[in-house]
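Colleague: The lines below spell out each chain.
There are 2 protein chains.
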Amino acid sequence: MNSFFRKIVDNFEKKGTCLCVGLDPEPSKIPHRYAGSETPYFDFLADVVEATHEFVCAYKPNIAFFESAGPNGLDQLIRLIRHIHDIDEDIPVILDAKRGDIGNTAKHYAKAVFDIYSADGATVSPYMGGDTLTAFIEREDAGIFVLCLTSNPGYADFENLAVDGEPLFVRVARKMAEIDRHGNIGLVVGATHPSEAEKVRETAPELPFLMPGIGAQGGDPSAIMKIGMTSKGIPPIVNSSRGILYPEQSTIEAVRESAIRTRDMLRRYT
Amino acid sequence: MNSFFRKIVDNFEKKGTCLCVGLDPEPSKIPHRYAGSETPYFDFLADVVEATHEFVCAYKPNIAFFESAGPNGLDQLIRLIRHIHDIDEDIPVILDAKRGDIGNTAKHYAKAVFDIYSADGATVSPYMGGDTLTAFIEREDAGIFVLCLTSNPGYADFENLAVDGEPLFVRVARKMAEIDRHGNIGLVVGATHPSEAEKVRETAPELPFLMPGIGAQGGDPSAIMKIGMTSKGIPPIVNSSRGILYPEQSTIEAVRESAIRTRDMLRRYT
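Going line by line, the protein sequences match chains L and W. With my numbering, the residue at position 138 of the first sequence is 206, and numbering never jumps. With my numbering, the residue at position 22 of the second sequence is 90, and numbering never jumps.
Hints were generated in silico from the structure; no laboratory data involved. The reader is advised that the hints may include incorrect statements.
Identical copies look the same in the list; a pair holds intra-copy or inter-copy alike.
What the hints assert, rightly or not - Once the Cα atoms are required to be at most 27 angstroms apart in a straight line, the calculated BS3-like pairs of lysine-lysine come out as: (1) K97 <-> K175; (2) K179 <-> K97; (3) K175 <-> K82; (4) K82 <-> K179; (5) K82 <-> K267.
Go ahead and model the full structure; you've got the sequences and the hints to work with.
Modeller: Written as structure tokens, this is what we have:
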């Protein structure tokens, strides 16, 4: 098992958690007290990490939220990921970037993700084919999560189309299982479609799942924990973003309580 | 016709060009004389734009090459796009970013592309479905190019799989033709697969094509010009990156000559 997934398993066994917190700074939702700062995203999310790191197995910042604030936003992302590593080097950071491009270009994306932002893992898009993932898969110690079955309604447009009698997302899963030489490929599998997720699990029993869609999107935790576990005991990395970051009461204490509550909910079905 | 495609048609009719130059700064290939600068990408590419803008219909920087240089690289991208607009406001800039994410996140990507980087168009990925493109398509004056049939060998892995007897890329083309309310959707169609590209043209006669794959990748200009034209007379936007930027003789004069030669080659088949 590579070092990325070793940490995920250790966090599950020792800390009892497979919760990943999505770090998506939405300007309109960040507590007011951060508004005056030059670096509101960093300040807010550093407090979130401080309050939640005991209860999580991974963090997943989505780069879009930082990029929309310009180069200063991306500077804050760089600082944030370093800060997470300083607080606890055993919590991997997955940069949700959904990258995908031809070989030469993909090398630059991989360099940005791993060397500039210093993430430990990333999400990537399969549409253009296996050769476009090579630059990511070469990072043997990383966790590379390929979009497979996503949690949004639009998954029906292409992912769920039948290819020779089986859905495209099953073909993606099979191809990824085939090319997984280093044991570093995982799949993004939405928690909102349990029966479809089960087909992915059957197709790729050994590939770890990154599962968005609990919390705000309403996925079922008992199905997630059952389907999400690999045949070799790597638990699903279950992501919640808005459901943790933006509780009704806009305080860091409430964020901490959301994280504990979600971890406990997942633990009940382990 | 929206303002983006109006400019493409005007550049074709008045300047006689449908050449798009891909602005991909590869550190190992940039002429040595830029190496000492704090902003080598901007300096090199500003000279490229100065030397080529009379011969092009659009520019297409690929953000990966800037992102891999960190926030300073993205600062140079911002400056570069503004500079292109200053030199000639009738040359649209397509940011090659291949973005695709769920609705709330896609809004942030669209904000980055159009408001931070001030691009006029962008490339996006269809895998997650039509709802993930909404934030881009809402930019009515932009050119939104959806990955359809790409020029790399890996296109065979998923794009070319048969869905109910026709390839996935045809389904993508049909869906995009269906949802194109504002006349701002185009398709990325590789110049390296002419018979497949013809199927896309039959499926979506009105959708403009962004066609990579001439030059370094070897696509056939006569096929490109024939298949690339829409039923309403919008020419293909034919992209060459390495073939223009990095000629054997590493001078700006040679870059200019490559651009002229490529424009002329495309013009012969008009």
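Colleague: Any of the earlier hints contradicted here, and which numbers?
Modeller: 3, 4, 5
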